[in-house]
Amino acid sequence: MLKISQLRKEAYWAWESLCAVKGVFLGAPESIDLTEAEAERLPFTNQTFKDEIRQQFGDLRRKATWERAAIHYTAHSMVQSYMEPYMIVGFMASPQFMTSAIREHYGDQVLELMLQFPETVDIVKRGLEQLYYESDRQEDHDVAQLFMQQMTPRLSGVMLPSI
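Residue numbers (this note's numbering): 1 to 163.
Relax, there's no trap hidden among the hints.
20 Å max Cα-Cα, derived EDC-like pairs, lysine to aspartate or glutamate:
#1 Lys125 x Asp140
#2 Lys50 x Glu30
#3 Lys22 x Glu84
#4 Lys50 x Glu40
#5 Lys3 x Glu40
#6 Lys63 x Glu104
#7 Lys63 x Glu40
The set of hints was computed from the structure by calculation and includes no laboratory data.
Can you build the whole structure from these sequences, using the hints too?
Structure representation (structure tokens):
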């Protein structure tokens, strides 16, 4: 499992990404505009972030707080990002598709939360179409098939493209 400091950083990066998509003020400079050392301190110094985590998830000293926050913001930032649908399908299909410590260690919880968003079904349908019908690459077809194997039981009653 991840240490509390890593969970805090992962939560911050996902929170920052979600804020950027929504056009919300971060209360601090974006990490991309800072040196690596400065960016590493943001999860510990950004008061807006800490206040939001405290309000939504509780005591900042507890590992469970940071686990919930990291899972929450990872799921939200994936579904509500500007990523192409096929990338989101790949993220859901396999922890190896895209580097994410939270997806790797808390995969089921992230996926369950992602599936609670109404727009996820449309994103998944479009992503499967991109991977299977709009690509000639076998690797893309394999990702689509892996998604169907892994995720179809979780999507009972949803009409997905046949692949």
